[in-house]
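*Asks:* Here's the letter readout for the chains.
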Amino acid sequence: MPTVSVKRDLLFQALGRTYTDEEFDELCFEFGLELDEITSEKEIISKEQGNVKAAGASDVVLYKIDVPANRYDLLCLEGLVRGLQVFKERIKAPVYKRVMPDGKIQKLIITEETAKIRPFAVAAVLRNIKFTKDRYDSFIELQEKLHQNICRKRALVAIGTHDLDTLSGPFTYTAKRPSDIKFKPLNKTKEYTAFELMNIYKTDNHLKHYLHIIENKPLYPVIYDSNGVVLSMPPIINGDHSRITVNTRNIFIECTGTDFTKAKIVLDIIVTMFSEYCENQFTVEAAEVVFPNGKSSTFPELAYRKEMVRADLINKKVGIRETPENLAKLLTRMYLKSEVIGDGNQIEIEIPPTRADIIHACDIVEDAAIAYGYNNIQMTLPKTYTIANQFPLNKLTELLRYDMAAAGFTEVLTFALCSQEDIADKLGLDISATKAVHISNPKTAEFQVARTTLLPGLLKTIAANRKMPLPLKLFEISDIVIKDSNTDVGAKNYRHLCAVYYNKNPGFEIIHGLLDRIMQLLDVPPGEDKGGYVIKASEGPAFFPGRCAEIFARGQSVGKLGVLHPDVITKFELTMPCSSLEINIGPFL
Amino acid sequence: MADGPVAELLLRRLEASDGGLDSAELAAELGMEHQAVVGAVKSLQALGEIIEAELRSTKRWELTAEGEEIAREGSHEARVFRSIPPEGLAQSELMRLPSGKVGFSKAMSNKWIRVDKSAADGPRVFQVVDSMEDEVQRRLQLVQGGQAEKLGEKERSELRKRKLLAEVTLKTYWVSKGSAFSTSISKQETELSPEMISSGSWRDRPFKPYNFLAHGVLPDSGHLHPLLKVRSQFRQIFLEMGFTEMPTDNFIESSFWNFDALFQPQQHPARDQHDTFFLRDPAEALQLPMDYVQRVKRTHSQGGYGSQGYKYTWKLDEARKNLLRTHTTSASARALYRLAQKKPFTPVKYFSIDRVFRNETLDATHLAEFHQIEGVVADHGLTLGHLMGVLREFFTKLGITQLRFKPAYNPYTEPSMEVFSYHQGLKKWVEVGNSGVFRPEMLLPMGLPENVSVIAWGLSLERPTMIKYGINNIRDLVGHKVNLQMVYDSPLCRLDAEPRPPPTQKAA
Numbered sequence: 001m002p003t004v005s006v007k008r009d010l011l012f013q014a015l016g017r018t019y020t021d022e023e024f025d026e027l028c029f030e031f032g033l034e035l036d037e038i039t040s041e042k043e044i045i046s047k048e049q050g051n052v053k054a055a056g057a058s059d060v061v062l063y064k065i066d067v068p069a070n071r072y073d074l075l076c077l078e079g080l081v082r083g084l085q086v087f088k089e090r091i092k093a094p095v096y097k098r099v100m101p102d103g104k105i106q107k108l109i110i111t112e113e114t115a116k117i118r119p120f121a122v123a124a125v126l127r128n129i130k131f132t133k134d135r136y137d138s139f140i141e142l143q144e145k146l147h148q149n150i151c152r153k154r155a156l157v158a159i160g161t162h163d164l165d166t167l168s169g170p171f172t173y174t175a176k177r178p179s180d181i182k183f184k185p186l187n188k189t190k191e192y193t194a195f196e197l198m199n200i201y202k203t204d205n206h207l208k209h210y211l212h213i214i215e216n217k218p219l220y221p222v223i224y225d226s227n228g229v230v231l232s233m234p235p236i237i238n239g240d241h242s243r244i245t246v247n248t249r250n251i252f253i254e255c256t257g258t259d260f261t262k263a264k265i266v267l268d269i270i271v272t273m274f275s276e277y278c279e280n281q282f283t284v285e286a287a288e289v290v291f292p293n294g295k296s297s298t299f300p301e302l303a304y305r306k307e308m309v310r311a312d313l314i315n316k317k318v319g320i321r322e323t324p325e326n327l328a329k330l331l332t333r334m335y336l337k338s339e340v341i342g343d344g345n346q347i348e349i350e351i352p353p354t355r356a357d358i359i360h361a362c363d364i365v366e367d368a369a370i371a372y373g374y375n376n377i378q379m380t381l382p383k384t385y386t387i388a389n390q391f392p393l394n395k396l397t398e399l400l401r402y403d404m405a406a407a408g409f410t411e412v413l414t415f416a417l418c419s420q421e422d423i424a425d426k427l428g429l430d431i432s433a434t435k436a437v438h439i440s441n442p443k444t445a446e447f448q449v450a451r452t453t454l455l456p457g458l459l460k461t462i463a464a465n466r467k468m469p470l471p472l473k474l475f476e477i478s479d480i481v482i483k484d485s486n487t488d489v490g491a492k493n494y495r496h497l498c499a500v501y502y503n504k505n506p507g508f509e510i511i512h513g514l515l516d517r518i519m520q521l522l523d524v525p526p527g528e529d530k531g532g533y534v535i536k537a538s539e540g541p542a543f544f545p546g547r548c549a550e551i552f553a554r555g556q557s558v559g560k561l562g563v564l565h566p567d568v569i570t571k572f573e574l575t576m577p578c579s580s581l582e583i584n585i586g587p588f589l
Numbered sequence: 001m002a003d004g005p006v007a008e009l010l011l012r013r014l015e016a017s018d019g020g021l022d023s024a025e026l027a028a029e030l031g032m033e034h035q036a037v038v039g040a041v042k043s044l045q046a047l048g049e050i051i052e053a054e055l056r057s058t059k060r061w062e063l064t065a066e067g068e069e070i071a072r073e074g075s076h077e078a079r080v081f082r083s084i085p086p087e088g089l090a091q092s093e094l095m096r097l098p099s100g101k102v103g104f105s106k107a108m109s110n111k112w113i114r115v116d117k118s119a120a121d122g123p124r125v126f127q128v129v130d131s132m133e134d135e136v137q138r139r140l141q142l143v144q145g146g147q148a149e150k151l152g153e154k155e156r157s158e159l160r161k162r163k164l165l166a167e168v169t170l171k172t173y174w175v176s177k178g179s180a181f182s183t184s185i186s187k188q189e190t191e192l193s194p195e196m197i198s199s200g201s202w203r204d205r206p207f208k209p210y211n212f213l214a215h216g217v218l219p220d221s222g223h224l225h226p227l228l229k230v231r232s233q234f235r236q237i238f239l240e241m242g243f244t245e246m247p248t249d250n251f252i253e254s255s256f257w258n259f260d261a262l263f264q265p266q267q268h269p270a271r272d273q274h275d276t277f278f279l280r281d282p283a284e285a286l287q288l289p290m291d292y293v294q295r296v297k298r299t300h301s302q303g304g305y306g307s308q309g310y311k312y313t314w315k316l317d318e319a320r321k322n323l324l325r326t327h328t329t330s331a332s333a334r335a336l337y338r339l340a341q342k343k344p345f346t347p348v349k350y351f352s353i354d355r356v357f358r359n360e361t362l363d364a365t366h367l368a369e370f371h372q373i374e375g376v377v378a379d380h381g382l383t384l385g386h387l388m389g390v391l392r393e394f395f396t397k398l399g400i401t402q403l404r405f406k407p408a409y410n411p412y413t414e415p416s417m418e419v420f421s422y423h424q425g426l427k428k429w430v431e432v433g434n435s436g437v438f439r440p441e442m443l444l445p446m447g448l449p450e451n452v453s454v455i456a457w458g459l460s461l462e463r464p465t466m467i468k469y470g471i472n473n474i475r476d477l478v479g480h481k482v483n484l485q486m487v488y489d490s491p492l493c494r495l496d497a498e499p500r501p502p503p504t505q506k507a508a
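Chains as they are written, first to last, in our numbering: chain A, 1 to 589; chain B, 1 to 508.
No lab work stands behind these hints, which were simulated from the structure alone.
Some hints here could point you the wrong way.
As the list claims (entries may be wrong) - Here are the in silico distance ranges between beta carbons for each label pair:
no. : chain 1 : residue 1 : chain 2 : residue 2 : range
1   : B       : T190      : A       : T444      : 51 to 61 Å
2   : A       : I200      : B       : P269      : 57 to 67 Å
3   : A       : A115      : B       : T361      : 46 to 56 Å
Claimed, not checked - Derived coverage of chain B by chain A (criterion: at least 3 residues anywhere in the stretch with Cβ under 8 Å from a Cβ of chain A; other residues may be distant):
no. : stretch
4   : 10–24
5   : 37–49
6   : 63–73
7   : 90–101
8   : 171–184
9   : 210–224
10  : 353–360
Each residue gets a CB set at the ideal place from its N, CA and C atoms; glycine is no exception.
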């Protein structure tokens, strides 16, 4: 969930009133926001870098507000204020207009070289804007928030904003070899080739995260003006030449990306949020984008869409009984201008370009419910009549757990993920013999594979509890995973029961006795006939030679028991003899 | 008569005494070790109210071993004086006497003796006075006779410095008659025996009282793990509410069921390598229900079922990628898909509690795997009010009654609501779960009828357990590093019972 940080006093000034912290927290909660933290720049620096560094910092109160991940229109002070003011019916939602320029329209021409790396671009112009320091900061901060969220860290969309008065169109969006791109980037004093820049930015804490997007591509995306000035090399850096300042009056905005829909949404959000400060409020100057196939479109789209939803549908989905007129009013408070039309039960809802999150009637229903107030909805119980059933495997597991404890064994809970070493080397097996599923992106060795046996987890538990009085008698009933090409995903869980006895003597007879008890509980008689169980001498690398037996029950092999091999004991950093038992309980269902 | 002759003697003396007696005095009178008398006092005390004994400590001066020797034989200087014959003694010879060195210098400073250094065969020692008073011996004999108080403070401290005298603390008992005083006592039995029962002798025997302050002996037993005890309680709650358990025994899931089927777009951050464990082997799902996959693909890329869709290029390869499921909602999706294939539709209530996996940064409250609890109701005409009603019942069974709901965003539910409860300890509202109505874009491609709504909620198993058992670090609860003593000591899980007050926090 993105967090937006705004100056409290600036926020209250824009809202036209002040709130106590509690009142504002309450307002946020009702609207689906969360007042996450009340702090100041000074406090933040002092927390992160100590009091000394914080000495000169501002102690203006900051509100950190958590915003739902799909509400890009609330990612800056301007949007938050507009959303809350409309919600509290203090203002009407502004109407955003795209206008054609008096003179020539700004053009962005896309060449076909971009197709393989970053094929989409859209653009727009904010004309006669008036920044202040706070507005300018908010403008930069919004771009950063969009980059981190909807733009997926610039992979899907990257935004460039430029001082139009320093440039001369038409602009060209193309892709070139890194060594052929040369310009002075933001915050540098000289020109570098793209190749050089990528090296320099490897140590830049902010930019290094974006390099991978284009790094290994033969061509890098780049935007030029008609004089060959580099506007930007998306998604990495803008040119210094066209940098915007607090005094910039005309802004050229370009969004490039790999997702056309999201590029259009991002452009819409920026211009709707900041056209508030244009001389003609809430108007945006169109720009023309010419595609490689010669066709062209004008942007921003700023599309208003009409949806029709029946009032009784909203009532039915929420569980309220409001008149269509009231529902239309509720929706209007959510920035969705609505009116009752037709037979008096139809509500026509206008979806503004700021609300790209509204893609279905259910999104409209939610907004009606939020405006009504979730906590005002009458709670009722559904009349759904059902008979409960347990999942048979879990039912058996529950029953066995209690009787394992009654038999004097203590339950442990170990991780399903572990290292290759745990399930192979330490048990004297080759990893290929385990049929384990392998994780492709583990951050540490602890998450290399899903376990194929419960034994390592139990032995590791003993190793962590060597100070406990002996004997240790432990068990676990849980799932292991084995590759299996007969299932849709190619792997299958098996429910295992594993028990260990750790003491100064191996205690095979105790583990054997536990097996007899388990079979008694499962109503499986001793003997090979009539679906009974037997154990037969066997061997396994994890067991001491001659001290291992395979368990057969109901005509199939279900597991093994025995005295662990001294090598296994040593590899798990244990010192005492140990016997173990592990069976698959699936066959006993 | 039991408890030995000392106890018996003590009782006789006590009977004859006027009010009481002192254990040390008695020992002196009887001419026995004080410790023997103390033993008798203690054994009589254990019998109940026979005697009363009050512990007293007194300080006393006692002679050291050397002091006793001097009281008997005289001081070193006196011994030196007496050993000199009228014709004198060679100094070298005198020094070889046992008291020679110490005694010589003291006798010299007392001016009892003199040294003639001009003698022919080396220095010779002669008596100076005819007789002397051995003051040291006299004083020590006074202390020995119990008359230490006759010595002045200065004299005592001088003797102490010479290590002839020491002050000792003596613990004695002042013994007096108890409320059940008697001179004839019999030994108490410790335990009832079969013989006593058969002979009936227990009727006439006194029994030694038990010490009820001592701890009992804990039974040898196995124990259930606290987290799984809580899991059992949650299962019980769902079963009481008529919810059927879904199969969740598949940790490995395809991206399709984990994300795409839930209308979670392919560029969603949760599908990042940073958040999800993907598989190298088996890397891809072998089979997907292709008809359904086509409907899902269309809904994502173009919309449909009343939706605008996400308008992006949906890729089958992305959907085939295998992973460790990141939530149990993938199992719910499978269960709902199976439900949709059954005609006609029958309403259901489902639940599951099982492990999920996240490739995220680990800290005190986050592990790479944890348990998720999920409840699902599918029926015609379910409302948000119904969802809140079910949640109220569910949380009431957990002992949580003060609830409120906050609008929220989840990719696959709309409307969505976070559930908050008022935490008495923290004095604030804390999130206890997440909930919502599954999106039509998820349900309709499965083939569920249009007027069927599915409400759902979820929470983690670990969080309520940590609160319940007062555990701050998740590693103390889950995994192989837990302390087994914690497992041995954990109480029953009774979710609706008042929790134990948290341990008082130390001031920072």
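*Asks:* Each hint needs a verdict: does it hold in this structure or not?
*Replies:* Hint check results:
| no. | hint | verdict |
| --- | --- | --- |
| 1 | B:T190 / A:T444: 51 to 61 Å | 60 Å, holds |
| 2 | A:I200 / B:P269: 57 to 67 Å | 28 Å, violated |
| 3 | A:A115 / B:T361: 46 to 56 Å | 37 Å, violated |
| 4 | 10–24 | violated (count 0) |
| 5 | 37–49 | violated (count 0) |
| 6 | 63–73 | violated (count 0) |
| 7 | 90–101 | violated (count 0) |
| 8 | 171–184 | violated (count 0) |
| 9 | 210–224 | holds (count 5) |
| 10 | 353–360 | holds (count 3) |
Figure legend: structure checked against the earlier numbered hints; hints not met, in rising order: 2, 3, 4, 5, 6, 7 and 8.
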